[in-house]
Amino acid sequence: MRITQIKVPFPSEYGRGRGTNAYLLEGEIKVLVDSGFDSEENRKFIRKALEKTGAWDLDVIVLTHGHLDHFSLGVYLQRETGASLMVHKDDSEMLTDYSTYYSKWFEEICGYAVEGGFDPGILEEARIKLITAASILSRYAPHEEFTEISLAGGSVRTMHLPGHTDGSVGVVTGDAVFAGDAMIEGSTVVRDLKKEFNSLEKLKVFKRVYPGHDRSPLSRAEVETLEAHFVSRLDKVLSVSRGGARLKDVVTSLYGEMMLDHAPYRLILPINQAIAYLKYLETEGHVEKRGGMWYSFVESISSPVG
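According to my numbering, the sequence shown is numbered sequentially starting from 3.
Check before you lean on any hint, since a few could be wrong.
Straight-line C-alpha distance at most 27 angstroms; calculated DSSO-like pairs for lysine-lysine [stated by the list, open to error]: (1) 250 x 106; (2) 106 x 197; (3) 9 x 131; (4) 91 x 9; (5) 106 x 196; (6) 250 x 196; (7) 204 x 250; (8) 91 x 204; (9) 9 x 50; (10) 54 x 131; (11) 50 x 206; (12) 291 x 250; (13) 196 x 206; (14) 281 x 197; (15) 250 x 131; (16) 196 x 281; (17) 196 x 291; (18) 250 x 238; (19) 281 x 291.
Derived DEER-like restraints, expressed as beta-carbon distance ranges [said to hold, decoys possible]: (20) 286 x 256: 15 to 21 angstroms; (21) 199 x 7: 22 to 28 angstroms; (22) 152 x 238: 38 to 44 angstroms; (23) 84 x 159: 19 to 25 angstroms; (24) 50 x 20: 39 to 45 angstroms; (25) 152 x 43: 44 to 50 angstroms; (26) 121 x 20: 23 to 29 angstroms.
Everything labelled a hint here was simulated from the structure, so no lab data went into it. By construction, the Cβ of each residue, glycine as well, lies at the ideal position given by its N, Cα and C atoms.
Kindly produce the complete structure, drawing on both the sequences and the hints.
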């Protein structure tokens with residue numbers, strides 16, 4: 003199986019210098035794992051990259067999850083190449099109506115954020131910017147749903163890796179897995195941390211883990227480092243909420259006061275992450291929410307308070 007990494011650039015407003023890691027797998031068939039953000043520049047970029055390798059005649063595009071930076075360019079590729087566009091059934095809604103999905107997610111975040119001390123006006127400004135961007139970039143994407151797929155006689159298959167999204171998957175070939183945003187060096191955004199921990203455990207059996215962004219490939223050691231990072235963050239949350247803390251206090255303790263001065267839409271992911279930590283700790287019985295305050299009962303996730 004020949005593997006070619008293609009780093010598809012982000013539009014400047016989403017992070018200059020960053021990009022989405024798409025991967026071309028060539029064997030019995032030609033499979034593209036993820037596609038990147040759609041834009042006129044990226045359409046030219048991806049066409050040139052695929053034609054250079056002789057792979058413009060794609061067979062399948064497998065999405066590791068349903069976020070715009072991974073699927074939106076795939077709509078163009080599907081139309082131009084005739085390739086099947088495939089996504090796990092639990093992320094299918096994002097390809098059907100991304101703006102509605104995004105609105106529901108944002109409303110959930112805002113409910114916690116307003117109660118937790120954030121300015122409703124700033125959150126509304128963020129909502130308008132994010133929903134507008136989602137509406138511009140997204141469109142209905144004809145796609146096939148799956149729970150698990152096996153391609154090329156089983157040489158390429160998927161495994162469920164929920165946590166970043168409910169329908170996140172890894173694409174497996176040999177001792178390598180293309181993990182999307184279930185695994186990124188340093189940290190990754192999660193919706194459900196308990197599921198994310200389980201997914202990271204699955205990734206440890208692979209010699210090479212190809213992430214959705216940044217340095218690639220990664221090893222088991224980097225997977226374990228990410229686990230340790232999450233544990234450290236959880237302990238930080240427990241510490242700050244020992245005597246009671248608002249969500250805003252938790253976000254500030256994790257990301258600093260400077261985060262509160264950034265463009266409003268850049269606040270949403272740190273807020274989402276802090277909520278994920280608090281929900282995990284609540285599920286494990288380590289914190290309790292009372293009104294707009296969170297209270298911890300332990301000093302660390304492995305050491306109860308004496």
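Hint check:
1. Distance restraint check for residue 250 and residue 106: the Cα-Cα separation of roughly 21 angstroms lies within the 27 angstroms cut-off, and the hinted pair is therefore satisfied.
2. Only pairs whose Cα atoms come within 27 angstroms are accepted, and residue 106 paired with residue 197 is accepted, the gap being roughly 21 angstroms.
3. Under the criterion of a C-alpha separation no larger than 27 angstroms, the hint pairing residue 9 with residue 131 is consistent with the structure, at around 26 angstroms.
4. Of the pairs offered as hints, the one joining residue 91 and residue 9 holds, with about 26 angstroms between alpha carbons and a cut-off of 27 angstroms not exceeded.
5. About 21 angstroms separates the Cα atoms of residue 106 and residue 196, which keeps this hinted pair within 27 angstroms; it holds.
6. A C-alpha spacing of about 22 angstroms is found between residue 250 and residue 196, which places the hinted pair at or below 27 angstroms, so the restraint holds.
7. Distance hint between residue 204 and residue 250 is unfulfilled; the C-alpha atoms sit about 33 angstroms from each other, more than 27 angstroms.
8. Between residue 91 and residue 204 the alpha-carbon distance is near 20 angstroms, which keeps this suggested pair within the 27 angstroms criterion.
9. Pair hint residue 9 plus residue 50 holds up; C-alpha atoms about 13 angstroms apart against a cutoff of 27 angstroms.
10. Simply put, residue 54 and residue 131 have alpha-carbon atoms about 37 angstroms apart, too far for the 27 angstroms limit, and the pair is violated.
11. In summary, the hint linking residue 50 to residue 206 is not supported, as the alpha carbons are separated by about 34 angstroms, beyond the 27 angstroms threshold.
12. Proposed proximity of residue 291 and residue 250 is supported: the alpha carbons are some 14 angstroms apart, at most 27 angstroms.
13. With a C-alpha separation of about 16 angstroms, the suggested pair residue 196 and residue 206 falls inside the 27 angstroms cut-off, and the hint holds.
14. This hinted pair checks out: residue 281 and residue 197 have alpha carbons roughly 12 angstroms apart, not beyond 27 angstroms.
15. Among the hinted pairs, residue 250 with residue 131 is consistent with the structure: their alpha-carbon atoms are about 21 angstroms apart, no more than 27 angstroms.
16. Restraint check for residue 196 and residue 281: satisfied, since their Cα atoms lie roughly 9 angstroms apart, inside the 27 angstroms limit.
17. The hinted pair formed by residue 196 and residue 291 meets the criterion: a straight-line CA distance of about 18 angstroms does not exceed 27 angstroms.
18. For the given pair, residue 250 sits about 14 angstroms from residue 238 by alpha-carbon distance, which is consistent with the 27 angstroms threshold.
19. Simply put, residue 281 and residue 291 have alpha-carbon atoms about 9 angstroms apart, close enough for the 27 angstroms limit, and the pair holds.
20. Distance hint for residue 286 and residue 256: a CB-CB separation of about 18 angstroms, consistent with the stated range 15 to 21 angstroms.
21. The hint said 22 to 28 angstroms for the Cβ distance between residue 199 and residue 7, and at roughly 27 angstroms that hint holds.
22. Between residue 152 and residue 238 the C-beta distance comes to about 41 angstroms, which sits within the given range of 38 to 44 angstroms.
23. The hinted range of 19 to 25 angstroms is satisfied by residue 84 and residue 159, whose Cβ atoms lie roughly 23 angstroms apart.
24. One distance hint, 39 to 45 angstroms for the beta-carbon pair residue 50 and residue 20, is violated here, with the actual separation near 20 angstroms.
25. In this structure, residue 152 and residue 43 break the distance hint of 44 to 50 angstroms, their C-beta atoms being roughly 35 angstroms apart.
26. Evaluation of the 23 to 29 angstroms hint for residue 121 and residue 20 yields a pass: the beta carbon distance comes to about 28 angstroms.
In the structure shown, a violation is registered for the earlier hints numbered 7, 10, 11, 24, 25, in ascending order.
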